[in-house]
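Visitor: Assemble the dimeric complex from its two separately framed chains, guided by the hints.
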Amino acid sequence: MNRAKQKTNYAFQRYIVYALIAIVLSLIQFSLLDFVVVQGVSPDLLLVLCVWISIREGRFVGIIAGFLIGITLDIVSFDLVGINAFTKTIAGFIAGSFYQEGKEQLIIHGLKFLFIVFISSFVHNLIYFFFYIKLSDITFVSFFMKYGVAFSFYTTVFAIIPMLVKRKERII
Amino acid sequence: MLQLLNLIVKFKDYAALTLLCIISLALISIGDVSKIGGYRAFVVGTIGWLEEAFAWVPNPDALKTENRAVRELNLYLSSELMKSRQALTENKKLREMLDFKQGIDYNLVSAEVIGKSTIELREYITINKGKKDRIARGMSVRTDAGLTGIVVVVEDNYSLVETLNNRQVKISAKVDRTGIDGILVWGGSTYFNMMNIPRSFDVKVGDELMTSNYSRKYPPGIPIGKVVNVEEDKSSLFHKISVEPFVSFNTLEQVFIIQYISDPERLKLIQRMEERLRLLKK
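Read top to bottom, the protein sequences are chains G and R. Here this note's numbering is used: the first residue of the first sequence is 1, the next is one more, and so on. Here this note's numbering is used: the first residue of the second sequence is 1, the next is one more, and so on.
One chain only, chain R, in its complex shape (with noise of 0.2 Å):
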């Protein structure tokens, strides 16, 4: 302690001149550095200069921020790429429905797919149209590939579609190629099956078919699915035809109401001539 002291003494004009140069420092520093460009800039160009010249010298600390950095910056891309690639998907979709939308003779109105639920083992999804957008019971519900199902529950602003894989569900429809007339039913699984159609009937794999003029409740023309199979049945008179549906009723987002209803002239004949025949049964 006592040579630091005397060390002191010796040098203490270099000593004195240190002392005050920082507390000369110190002070410009916790002053308006603003003021001096000049020095700013050289302490800037220092340090730059210094961090280039050690620039080789591997830093744990900064590396391991860099990375952290990127990390998160590389989540933060991923995440806009894969929004970005819905948005494509979505736009192009909703690019054909509207040219879709544009070549239909129709009033359709557009809904989005807010729910699915099975209620008695039937199928329905909910949309987000109702009353107020002039939805009503019995309205068909089709997507830009086909016949979706139909609107049975309609409230202010949602709406209940009973979805066509369900097997109480009966569809009139035709064979487009030929004109033939037959039923469309649910078979259970990804298929429906077209009834009554005689075996000597001209249906072969790849006939396209859409809804029956026949129809009570589904407007016709509207595509409905294509042949995927012609069975032969020698023990029956009819085909067996397995349809593979148009619409995936798994992936529905997107859908379009139709505001159309059947003629109730027509419904009413239909309905009284069915009365007439219970009554002849009884």
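Just chain G, with the same shape it has in the complex (with noise of 0.2 Å):
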């Protein structure tokens, strides 16, 4: 009983830690971030951390955190509310696909977790930029390049961060 207690506690302490690393990676994302945008196109962390609550807390999990991160996403962004809630939604489905019971911390520190972000933000700016951009205005290859491919790629490269900083704390 106490045991199960103490696992909730756990989860719980968790959760909050992760809504404190959300609001710092926002506040990441709207003043620092401007100065890594290259030739228009920019990483987005809180996808990143989006996939990691995913792949350590399950399917189910990643699906609302997704949406919560959305939500918050829209409301201090300005932006529609509603879109970031809707692809990070999707994003924390795809990315919780690839969650497995005990092997969360292998997934992570692995080259899988940079897969599995490219993945996720993938599917996600493709729904997002989907959703703004007209593809009369763009021809499909180069909305599939841009805004699918490089916007991901970015996005992946900025993941291998705390990618390192988890293996760092392994090795320790």
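Treat the hints as calculated values from the structure; they're not laboratory data. One thing to keep in mind: the hints can contain errors.
[To be verified] If we take Cβ atoms under 8 Å as the criterion, some of the chain R residues that face chain G in the derived model are: (1) K12; (2) L20; (3) C21; (4) L25; (5) L27; (6) I28.
[To be verified] Here are the simulated DSBU-like cross-link-like pairs (lysine-lysine), alpha carbons at most 35 Å apart as the crow flies: (7) R:K131 - R:K116; (8) R:K281 - R:K268; (9) R:K93 - G:K112; (10) G:K103 - R:K12; (11) R:K10 - G:K7; (12) G:K5 - R:K12; (13) R:K116 - R:K93; (14) G:K7 - R:K12; (15) R:K10 - G:K103; (16) R:K12 - G:K112; (17) G:K5 - R:K10; (18) R:K170 - R:K132.
The C-beta atom is built at its ideal place from N, Cα and C for all residues, glycine as well.
Guide: Next comes the structure, spelled out in structure tokens:
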């Protein structure tokens, strides 16, 4: 009984930590990320967090986290409310599909994490930009390459940082 | 119910995904959708494609609505067509009147017939011109076709015209071809009768009649009508001549008032003569 209670408390603490990280990443996303924009392409740190949560906690929590992070982002970024919630919910679902109970750490420390970030980001970006960009204004290949591949690649590059941090912690 | 709950719990991931996606899309749709051009284009395109794909399925409600709209359009167009035809007829008539007005010596004032009335078995028309337009009692009224009547009452803006189709009206007329003079009176129906033409005088069917120089009321040379029948009555010394007026009194719409009154001196002379004859009779 105590063990179950402990487990719940531990999960609750983790969620609070996720929320705090989300707040910090939001601040970074809006304040510092302008300095790393290349050719209009910028990384999505909150998406990396969303993928992280999905891999750590499972698909259900990933979906909920994606929605909550997305809706918060919509509100603070003055974006059209619902767009980030929608895309990050789907990203959470995709990333959560790679969840394997007991192998969370293994996935996060490996290259598989980067692969999951890339796939989730790719789908996320295609849907997100699909809302804003008329395909009549841009060719499908350009849309696919810029908003699909380039944005996702850049986000994946930033996903290396938490992966390496975690790996270092493990070695220590 | 329990089974349903079990099912939801079993597929909680999908249920959560569906629910949250619906909530997100609902939030998007209540926002400023003008921003999301791509999404809107996609939705419009998809709906268009679906409509096209299922266009073969008959929709009674849509057909009913379309039918009603077509009927309304048809009514509107019929009304417009009618108006166009009326305008065309009126335009043609006015053009004819304009041509006629340009070829006449007298000063003419155009007027519209705004009413018709019968007072003590006499036919009158009311026109929308009066003293303010320098219309006076005794002026003749005509159309482009011919003589119509004479102004009998004048007010500031309106006048009353006594038409020719009255039994009391006598018109001094002459046959245009031969110059033979006679008195024209209304026969009580469509035709007028020409009186006092001896049988020996040359009058034929088709001869045209106009106002005579002897007329005290009407200016000379105004067309009146044409002879449609000449009867030889052996018991009488005169022809029995029927004349069809050029003017259709039942369809008068526009008329001209001829600003001409017989010479007052001439009228005075005739009045004096008539008075003298009356005194002699006494």
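Visitor: Starting from the hint list further up, note which numbers the structure goes against and sort them upward.
Guide: 9
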